[in-house]
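The sequence shown begins at 1 in full-length UniProt numbering and counts up one residue at a time.
The hints are simulated quantities; they were obtained by calculation from the structure and are not laboratory data.
Incorrect hints may appear among the rest.
Claimed, not checked - Below 27 Å or equal to it, Euclidean Cα-Cα: the simulated DSSO-like pairs (lysine-lysine) are:
| # | residue 1 | residue 2 |
| --- | --- | --- |
| 1 | K36 | K12 |
| 2 | K52 | K12 |
| 3 | K52 | K36 |
| 4 | K52 | K37 |
| 5 | K37 | K59 |
| 6 | K37 | K12 |
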Amino acid sequence: MKLCIHLFVIEKSFVIFLLISLDINIMTIADRLGHKKVDTTWNTYGHLYPNKRSEVVDKLSALK
1 MKLCIHLFVI
11 EKSFVIFLLI
21 SLDINIMTIA
31 DRLGHKKVDT
41 TWNTYGHLYP
51 NKRSEVVDKL
61 SALK
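With the hints as constraints, model all of the structure from the sequences given.
Structural data, given as structure tokens:
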């Protein structure tokens, strides 16, 4: 039973990682996960977004 739970968590995290890699919006991911608040998704999976902050800065800088 314990192994099944760990496999489920790993599988779910991998799917989330793939969605993030495909630039799927975090609000869409939160909705698919059934999270009522995006904060829940961000607090749980935010560590999978290490480069997103710098990408946002780069994109905003390019608008100048």
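Hint check results:
Taking the CA atoms of K36 and K12, the gap is near 18 Å; set against the 27 Å cutoff, the hint holds. About 20 Å separates the Cα atoms of K52 and K12, which keeps this hinted pair within 27 Å; it holds. Taking the CA atoms of K52 and K36, the gap is near 22 Å; set against the 27 Å cutoff, the hint holds. For the hint linking K52 to K37, the alpha-carbon distance of about 20 Å falls within 27 Å, and the restraint holds.
This hinted pair checks out: K37 and K59 have alpha carbons roughly 26 Å apart, not beyond 27 Å. Between K37 and K12, the direct Cα distance comes to roughly 18 Å. Compliance with the 27 Å bound is thereby established for this hinted pair.
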